[in-house]
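Novice: Chains as they are written, first to last, in this note's numbering: chain A, 1 to 213; chain B, 1001 to 1213; chain C, 2001 to 2213; chain D, 3001 to 3213.
In case anyone wonders, no lab produced these hints; they're calculated from the structure. Backbone N, C-alpha and C fix where the C-beta goes; we use that ideal spot for every residue, glycine too. Warning: the hint list may mix true and false statements.
What the hints assert, rightly or not - In silico lysine to any residue, SDA-like type, Cα no more than 25 Å apart, as pairs: (1) B:Lys1071 <-> B:Tyr1123; (2) B:Lys1003 <-> C:Lys2003; (3) A:Lys71 <-> C:Ala2067; (4) B:Lys1131 <-> B:Ile1073.
Unchecked claim - Chain B is nowhere near these chain D residues, computed Cβ spacing over 12 Å in every case: (5) Leu3035; (6) Leu3051; (7) His3068; (8) Gln3069; (9) Val3120; (10) Tyr3123; (11) Pro3142; (12) Ile3165; (13) Ala3178; (14) Leu3181; (15) Arg3190.
4 protein chains.
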Amino acid sequence: MNKQRLEAFTDGVYAIVITLLILDIRNPDVAATALGPALVRLLPQVVTYVLSFFVVGMYWFAHHRVAHQVKLINGTFTWLNLVWLLFVSVMPFPTSLLGRYPLQFIPIAIYGIDLILTNVTGYVITVYLVKHPELAVAPVPPAALRALLPVYIISNGIYVAAIAIAGILPWVSYAMYAGVLAWLMVRYARRSNPFKPAAQAPRSAGRASRAAD
Amino acid sequence: MNKQRLEAFTDGVYAIVITLLILDIRNPDVAATALGPALVRLLPQVVTYVLSFFVVGMYWFAHHRVAHQVKLINGTFTWLNLVWLLFVSVMPFPTSLLGRYPLQFIPIAIYGIDLILTNVTGYVITVYLVKHPELAVAPVPPAALRALLPVYIISNGIYVAAIAIAGILPWVSYAMYAGVLAWLMVRYARRSNPFKPAAQAPRSAGRASRAAD
Amino acid sequence: MNKQRLEAFTDGVYAIVITLLILDIRNPDVAATALGPALVRLLPQVVTYVLSFFVVGMYWFAHHRVAHQVKLINGTFTWLNLVWLLFVSVMPFPTSLLGRYPLQFIPIAIYGIDLILTNVTGYVITVYLVKHPELAVAPVPPAALRALLPVYIISNGIYVAAIAIAGILPWVSYAMYAGVLAWLMVRYARRSNPFKPAAQAPRSAGRASRAAD
Amino acid sequence: MNKQRLEAFTDGVYAIVITLLILDIRNPDVAATALGPALVRLLPQVVTYVLSFFVVGMYWFAHHRVAHQVKLINGTFTWLNLVWLLFVSVMPFPTSLLGRYPLQFIPIAIYGIDLILTNVTGYVITVYLVKHPELAVAPVPPAALRALLPVYIISNGIYVAAIAIAGILPWVSYAMYAGVLAWLMVRYARRSNPFKPAAQAPRSAGRASRAAD
Chain A
1 MNKQRLEAFT DGVYAIVITL LILDIRNPDV AATALGPALV RLLPQVVTYV LSFFVVGMYW
61 FAHHRVAHQV KLINGTFTWL NLVWLLFVSV MPFPTSLLGR YPLQFIPIAI YGIDLILTNV
121 TGYVITVYLV KHPELAVAPV PPAALRALLP VYIISNGIYV AAIAIAGILP WVSYAMYAGV
181 LAWLMVRYAR RSNPFKPAAQ APRSAGRASR AAD
Chain B
1001 MNKQRLEAFT DGVYAIVITL LILDIRNPDV AATALGPALV RLLPQVVTYV LSFFVVGMYW
1061 FAHHRVAHQV KLINGTFTWL NLVWLLFVSV MPFPTSLLGR YPLQFIPIAI YGIDLILTNV
1121 TGYVITVYLV KHPELAVAPV PPAALRALLP VYIISNGIYV AAIAIAGILP WVSYAMYAGV
1181 LAWLMVRYAR RSNPFKPAAQ APRSAGRASR AAD
Chain C
2001 MNKQRLEAFT DGVYAIVITL LILDIRNPDV AATALGPALV RLLPQVVTYV LSFFVVGMYW
2061 FAHHRVAHQV KLINGTFTWL NLVWLLFVSV MPFPTSLLGR YPLQFIPIAI YGIDLILTNV
2121 TGYVITVYLV KHPELAVAPV PPAALRALLP VYIISNGIYV AAIAIAGILP WVSYAMYAGV
2181 LAWLMVRYAR RSNPFKPAAQ APRSAGRASR AAD
Chain D
3001 MNKQRLEAFT DGVYAIVITL LILDIRNPDV AATALGPALV RLLPQVVTYV LSFFVVGMYW
3061 FAHHRVAHQV KLINGTFTWL NLVWLLFVSV MPFPTSLLGR YPLQFIPIAI YGIDLILTNV
3121 TGYVITVYLV KHPELAVAPV PPAALRALLP VYIISNGIYV AAIAIAGILP WVSYAMYAGV
3181 LAWLMVRYAR RSNPFKPAAQ APRSAGRASR AAD
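Here chain A stands alone, though its shape is the one from the complex:
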């Protein structure tokens, strides 16, 4: 398995998923005079579209982070990566459901479950990398993994809470999904701000902080 092709394939899948999302916002196809109200009725779909667009973008960013630490790829890593891609490429379906039934329990729950599964797969891949230091650019220290754990626990905890509350307060569920997304986006944006080129960065220190990201 060759890292470059795995990345090309993965980038392709992410690029397609993020672009296919728009296909769900369908032309209303009503009489011209009814176009305004028909477009207003599309609003929930626009909201879930934007949410999913940034969710997929965020997972792409996360994938990039993991791939940055990888030097070699074996068969198991490829299958784990494929499972990750499975949960990402499923996204257009829960997004479509949510756009059509924005305030129902089931779609909000399915959406949250997909987020959790994607998250957990990402974490499993990082654990796999810690246990297989021969695949990493530099061994990922268990401390880096421990530093990551609270992020996973908090985000998945909020997703679970959002699902639990979806039947009663669906808007709060949305706010929780969007809140986690915004938190992770700001986190990524800030941490990598002073991002130094790999060639110039001091190896040992650079790796550990990057792993902790």
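With chain A held as given, fit chains B, C and D onto it using these hints.
Specialist: Just chains B, C and D now, with coordinates in the frame of chain A:
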């Protein structure tokens, strides 16, 4: 964040958006004898298809120009790039609307708003690059940015005027959109004609003129 | 023909096929109260979606394996590769059929025939490579090909048996398709586990074992 | 303009177009007992799918050939390339029309016109390259262009004849389209068979024969 993967992802999104546009021109599915008139009725969709094809192509070109000046990528740049891609990947929807309601105010306005948002995001990214010279191959001089400003003001000004006039003279709005597109295409085609390979071009002079493009 | 572009094109096709599969799981679009049962009725489509997702992933892995042994690409290799891609990109159709008619003979048979055709094309490409050592990184020994043959015979034999039995015991056919998939996935995962970087691996030994994979 | 990104974008568009073609072969969605005849009725769509799959594959091959001779890319070349991609990415529409109305004059004519437009654009790009030797890896000799001309004249001539005859003998038109395709495929496969790596091939001789391809 690694420049090569950001470009691969971005190229993927552009390639998909530009190709998905054709899915909106649907097989009329009428009796064979009625095929001719049914295809003539598809004409507005063909026109908006071609328009959007070159609009997306032009933004891809513009993205390429910006990326050419970038050496390093940080989290904020990645999110700004994602916002840019959001407005580009939305394109199939306003295109579909315009094809179905070619002479209505709302679709022409939505189309123009998407063009303006994409434009402005592109400009914000350039400003960000000027303020973060550590990300650029060579610092983008503020003069280059000032040289770009009239292009943005004129093109967005024409888009605003096209929206304002859409309710009364929709065909003039089309002509304005197409006119800006043609102007920018000719501009890109001419400026880069004597495009020298990066390795041979004199650094300081080459950068400034490229930035001003 | 340039190996890198052939791989980029092939990775693109695989990435798109694997992502398009989700488009077949359509939003049920029923009244909110009927959503639960409507989603349960989508279960066969979810099952075939997951099956096809990993089937396409497995062929991508197989393609990667073959490409790894290739140094040069000629016109005939490109057409053979295109025929392989044809059978892969057809996948969304048999998947959709299977999801809609999960227990009928015809869809199970069409699915199996597509698997066999893809398999055989992959084998033909390997044979072509053995007969054209000038295209290979290192000549693929006929022994490696003979070592591969049982894998092809067993998997295609099971596919044929699955088709034969589909009219009577469709669930057994599914189990057979999934069984072959699981077997090949485990096979790939295990064999490549101690995957050494190409530069460090001893050339002659590494090639032969890889070819036998 | 950077050659690598133009190729990545172009490969992306080709990969998507060739994969989207399958979306037009829709699940018949009839009662299970009527599935057999319903699938037989899809036969014209299967035929046009396979035809278009190899047509797009052939143009991808042709693009590859042209790109192989290019060293630098300017704005005009980018727009010419985009026009080429326009005619290629339109393909799913004439394919869909042809599958639905296989024996009507209009769809056969539209299909042929798209083939001619793609062909002519490819030729214009080659002419542009001859006139701009500063863009080519090695100047393309006008003799190479003259050697190409008969291929363009014959293939486009057959396309025109196929359109002219479509109203009376539609099956002959199909045979003519398929015949040109097979001829070009064999031509590419044979010429490039003894394809030597660029680094080892004698420059001047290699270029001329490649250009004549």
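Novice: Now tell me if each hint is right for this structure.
Specialist: Structure-based check of all given hints:
Taking the CA atoms of B:Lys1071 and B:Tyr1123, the gap is near 18 Å; set against the 25 Å cutoff, the hint holds. Proximity of B:Lys1003 to C:Lys2003 is assessed by CA-CA distance (about 23 Å); at most 25 Å being required, the pair is judged to hold. A threshold of 25 Å between alpha carbons decides the hint, and for A:Lys71 with C:Ala2067 the separation of about 20 Å falls inside it, so the pair holds. For the suggested pair B:Lys1131 and B:Ile1073, the alpha carbons sit about 14 Å apart, so the restraint of at most 25 Å is met.
No Cβ of chain B comes within 12 Å of the Cβ of D:Leu3035; the nearest lies about 21 Å off, and the non-interface call holds. No Cβ of chain B comes within 12 Å of the Cβ of D:Leu3051; the nearest lies about 16 Å off, and the non-interface call holds. The claim that D:His3068 is not at the interface with chain B holds, since no C-beta of that chain comes within 12 Å of its own (minimum 17 Å). In this structure D:Gln3069 is separated from chain B by more than 12 Å, as the shortest Cβ-Cβ distance comes to about 16 Å.
Under the 12 Å C-beta cut-off, the non-interface status given to D:Val3120 relative to chain B holds; the minimum distance is some 17 Å. No beta-carbon of chain B comes within 12 Å of the beta-carbon of D:Tyr3123; the shortest separation is about 20 Å. Chain B leaves D:Pro3142 outside its interface by the beta-carbon criterion, the shortest separation being 22 Å against a cut-off of 12 Å. With 12 Å as the threshold on Cβ separation, the claim that D:Ile3165 sits away from chain B holds: the shortest Cβ distance comes to roughly 18 Å.
Distance to chain B confirms D:Ala3178 as a non-interface residue, since its nearest Cβ pair spans about 22 Å, more than 12 Å. Annotated as non-interface, D:Leu3181 keeps its C-beta farther than 12 Å from every C-beta of chain B; the closest such distance is 21 Å. With a least CB separation of 31 Å from chain B, D:Arg3190 remains clear of the 12 Å interface cut-off, as annotated.
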